[in-house]
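Visitor: Residue numbers (the numbering used here), protein chains in the order written: chain W, 1 to 109; chain A, 110 to 225.
Quick caveat, the hints were computed from the structure, so don't treat them as lab data.
Each residue gets a CB set at the ideal place from its N, CA and C atoms; glycine is no exception.
Check each hint, because a few of them may be wrong.
Derived DSS-like pairs: lysine-lysine, alpha-carbon spacing no greater than 30 Å straight-line [to be verified]:
| no. | chain 1 | residue 1 | chain 2 | residue 2 |
| --- | --- | --- | --- | --- |
| 1 | W | K96 | A | K171 |
| 2 | W | K69 | W | K96 |
| 3 | A | K120 | W | K96 |
| 4 | W | K3 | A | K153 |
| 5 | A | K124 | A | K187 |
| 6 | W | K96 | A | K192 |
| 7 | A | K153 | W | K96 |
| 8 | A | K124 | A | K192 |
| 9 | W | K96 | A | K180 |
| 10 | A | K120 | A | K153 |
| 11 | A | K171 | A | K153 |
| 12 | A | K153 | A | K192 |
| 13 | A | K187 | W | K96 |
| 14 | W | K69 | W | K3 |
These stretches of chain W come out as covered by chain A in the derived footprint (C-beta under 8 Å, 3 or more residues) [said to hold, decoys possible]:
| no. | stretch |
| --- | --- |
| 15 | 39-51 |
| 16 | 98-108 |
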Amino acid sequence: DAKTTQPNSMESNEEEPVHLPCNHSTISGTDYIHWYRQLPSQGPEYVIHGLTSNVNNRMASLAIAEDRKSSTLILHRATLRDAAVYYCILTANDYKLSFGAGTTVTVRA
Amino acid sequence: EAGVAQSPRYKIIEKRQSVAFWCNPISGHATLYWYQQILGQGPKLLIQFQNNGVVDDSQLPKDRFSAERLKGVDSTLKIQPAKLEDSAVYLCASSPARGRTYNEQFFGPGTRLTVL
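Build out the structure end to end from the sequences listed, making use of the hints.
Guide: Structure representation (structure tokens):
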């Protein structure tokens, strides 16, 4: 499985943007980039996914580098509810998830 | 739409005892997953079902863990006998059938198991 590298933790202030980086230098041409997050004491939840183009949805934006070796999850205005562990995951088209340790995001009020 | 249901939410047992967890996926979801999440780590896939058939159980410790999904709907994960290292949160997830545009996984709240 292609691997991803994420910072262990990041801090942000409420109502400011958060940029979460993810490195995946061994990504193959058909691998999808997924982001899930896990709020305290809950199961993970889907955030966004993409293949080559940048993606936007109501939760976040995903910016994918042109060579696809890195990507950035952007939370446009962090709220206290966005405090969670964020996982960047690569999958083939079977969408089978292999979670790493993720990035723990702390949001300061 | 109701989410993935799991029970119990918490379970405390002694080592060498048996335990079972139950999962009811979102209605109509053909694929069901069981994950194990040890404290401080990301979830690890134990087994994946497609309807009532096993797609992937390569990381399931088959000497003590078993899982079934007899009617292709709800599922049970069993540990027999439990070891101290089985202490973890057991997560169930479901997703629509393969062949759809995207197979987003929907997770339940998990069952926290403590083995003493």
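Visitor: Need the status of pair K69/W, K96/W: alpha-carbon distance at most 30 Å?
Guide: 20 Å, holds
Visitor: Please verify whether K124/A and K187/A have alpha carbons no more than 30 Å apart.
Guide: 14 Å, holds
Visitor: Checking one constraint from the list: CA of K96/W to CA of K171/A, max 30 Å. Satisfied?
Guide: 20 Å, holds
Visitor: Checking one constraint from the list: CA of K69/W to CA of K3/W, max 30 Å. Satisfied?
Guide: 11 Å, holds
Visitor: Going straight from one Cα to the other, do K120/A and K96/W come out at no more than 30 Å?
Guide: 28 Å, holds
Visitor: Is K187/A within 30 Å of K96/W, Cα to Cα?
Guide: 22 Å, holds
Visitor: Quick check: do three or more residues in the stretch 98-108 of chain W have a beta carbon closer than 8 Å to a beta carbon of chain A?
Guide: Per the Cβ count (5), the hint holds.
Visitor: So if I understand the rule, the pair passes when the alpha-carbon distance is 30 Å or less; does K171/A with K153/A pass?
Guide: 15 Å, holds
Visitor: Quickly compare the C-alpha distance for K153/A and K96/W to 30 Å and report which way the hint goes.
Guide: 11 Å, holds
Visitor: Check whether the Cα positions of K124/A and K192/A lie no farther apart than 30 Å.
Guide: 5 Å, holds
Visitor: With a cut-off of 30 Å on the C-alpha distance, tell me whether K3/W and K153/A pass.
Guide: 14 Å, holds
Visitor: Given the hint that K96/W pairs with K192/A, does the C-alpha gap stay at or below 30 Å?
Guide: 27 Å, holds
Of the numbered hints given earlier, the model fails none.
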